[in-house]
Amino acid sequence: MTQPVSITLQNSQDGFAIAEAIMADNPGAERRSMPAMTKIDRPGRLEIKAASVSERLGRDWDPQEIHLSVISLSGSVDEDDDYFAVYWR
Amino acid sequence: MAARKLNLKQKYGHFTRGLDWEPSYQSKDDIFPFAKYEGIKVHDWDAWEDPFKLTMDAYWKFQAEKERKLYAVIDSMAQNNGQLGITDARYLNAVKLFIQGVTPLEYQAHRHFAHLARHLPGAGLRVAAQMQSIDELRHCQTQIHTISHYNKFFDGIHDFTHMHDRLWYLSVPKSFFDDATTAGPFEFLTAISFAFEYVLTNLLFVPFMSGAAYNGDMATVTFGFSAQSDESRHMTLGLEAVRFLLEQDEANVPIVQGWIDKWFWRGYRLLTLVAMMMDYMLPKKVMSWAEAWETYYEQAGGALFADLARYGIREPKYADVAKAEKGHITHQAWTIFYNYTHAAAVHTWDVDDQHLAWLREKYPETFAQYYEQRYLNWRDQANQGKRFYNNGLPQLCQVCQVPMAFTEVDDPTTISFRVSEFGGDKYHTCSDGCKDIFDHEPEKYSQAWLPVHQIFQGNCGGATVPEVLDWYHINQGADNMDYAGSPEEAQWEKWMEGRRPAAPMAAAAE
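Just so you know, the sequences run in chain order A and B.
Counting in my numbering, the first sequence tops out at residue 90, every number present.
Counting in my numbering, the second sequence tops out at residue 511, every number present.
Just so you know, these hints were derived from the structure itself, not from any lab.
Keep in mind that a hint or two might mislead.
[Stated by the list, open to error] Computed cross-link-like contacts, DSSO-like style, restricted to lysine-lysine with a CA-CA straight-line distance of at most 27 Å:
#1 A:50 x B:62
#2 B:318 x B:427
#3 A:50 x B:10
Given the sequences, and given the hints that come with them, work out the whole structure.
If you want it as structure tokens, here you go:
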């Protein structure tokens with residue numbers, strides 16, 4: 002069985018855009034709302050595509066800006082210029 | 002021709018490995034004197050893979066942005082009487098516990114990660130430790146600065162560093178961190194970065210911040226989120242550090258497993274305070290401790306340990322005990338605090354009917370059967386003007402330092418009580434988990450500074466409760482005792498009075 006990875010984001014303007022991009026790009030992801038935060042889980046891997054977030058924000062979004070919106074994660078991290086991913090090896 | 006722009010991975014490689022050098026006139030063993038004594042074997046430091054790749058320019062840019070956001074909220078709180086936005090003054094006791102118990106640990110973490118930034122032999126790990134050290138100092142400072150607004154209006158916050166070093170319930174977090182910083186560098190990484198930050202930190206921060214958000218505490222939410230984004234980096238460091246040690250040498254596996262067992266249990270016992278806060282101190286509740294434990298330990302931890310199984314790592318020893326106890330520990334901890342509120346810098350109170358109903362719903366198998374009647378008896382006593390305070394001093398667990406009030410896993414009516422002998426003396430622990438830790442390093446834990454023992458030995462200001470409370474710097478009659486009748490309650494009621502609509506003229510005339 003593939004273990005779930007998870008990311009928790011702030012309910013901020015950027016956080017909402019990132020959450021929407023994740024839901025659009027990662028079929029099977031599950032989204033749960035809590036006060037002030039949103040938790041998204043998916044088996045195996047979650048990927049945030051910079052292009053997807055940029056499109057929703059109407060500006061260039063750098064994956065390192067994830068540092069301004071992330072609250073917690075579960076899994077290993079992989080990041081580069083055009084994506085940020087949480088996954089199990 | 003212009004130089005090709007480096008991608009993120011290349012930039013970070015230059016920043017860490019590229020700026021490191023091989024020593025030529027000193028031996029590595031002399032430069033890193035703490036690297037080998039724990040028995041950890043590392044053959045290739047370059048095999049370390051950096052999880053987050055923050056170069057300095059990006060680090061300062063994002064940290065500055067986080068600070069700007071936080072200080073906008075702090076200013077807004079100060080300018081708009083932000084303290085009036087909380088649901089009820091009882092809520093503030095969660096914040097008091099946080100600044101008394103957690104904020105000083107941030108400072109400790111700052112100091113010890115600076116130590117690791119000097120003493121870990123791998124350049125990539127050193128850079129990550131250096132950044133974490135700066136992060137932790139920022140957390141400590143921003144928490145103090147944010148909560149200072151509440152200190153203007155509420156009690157129990159005024160001397161938290163002094164209290165952290167002396168109060169009985171604060172010796173629980175203090176001794177936890179002292180234990181970690183007096184261990185070697187790899188045990189510290191496993192203890193704090195992995196067991197605490199990766200496995201358990203969600204249970205500290207997420208309920209606190211979600212609870213704060215739900216209870217109108219904008220300030221705590223904001224510093225919490227500001228810290229928590231750094232925390233994601235720290236958690237990942239813990240996971241990758243443990244994975245790295247396991248991959249480097251098979252001989253590391255049993256050593257790391259021993260640390261995971263120990264620090265899971267230490268962290269879990271420490272979280273008892275947070276668990277009680279969640280179930281008892283939030284006027285509006287987000288989730289119960291049992292629900293948080295299921296989401297953040299049983300589910301997330303299950304995924305983690307399934308992933309680590311390939312290295313021969315299993316779930317922490319006694320994780321099954323923690324699971325079995327989840328319907329009990331918060332009620333037992335609240336009982337301790339209710340008993341000793343006269344000696345604490347937080348308030349406790351009668352659990353009202355609505356709250357009792359919530360507890361029955363969240364803990365259908367334990368609450369009504371074992372705990373509810375106790376609270377109703379206390380209510381009766383308080384109504385007769387005889388609010389119960391326990392004037393004896395509790396026995397403390399030699400390891401976790403929580404008063405010995407936890408019960409046997411299979412019998413919630415019997416106190417769990419373990420005894421070890423060392424050097425001709427008896428030492429008491431609250432559980433098999435704490436007893437194992439004591440028995441493995443009795444030389445260390447026999448030296449524990451136990452607040453109750455210290456009072457009896459005459460080291461805490463005197464032989465009477467008021468003298469000890471003075472020595473704690475507790476402002477007696479304000480910081481301590483039941484919420485009912487406290488100056489804080491009177492102040493809060495006065496503020497709220499101003500919000501209630503005036504009585505209609507006709508009614509007022511009657």
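For each hint, the structure was consulted:
1. A:50 x B:62: 21 Å, holds
2. B:318 x B:427: 24 Å, holds
3. A:50 x B:10: This hinted pair holds, its Cα atoms lying about 17 Å apart.
In this structure, every one of the numbered hints holds.
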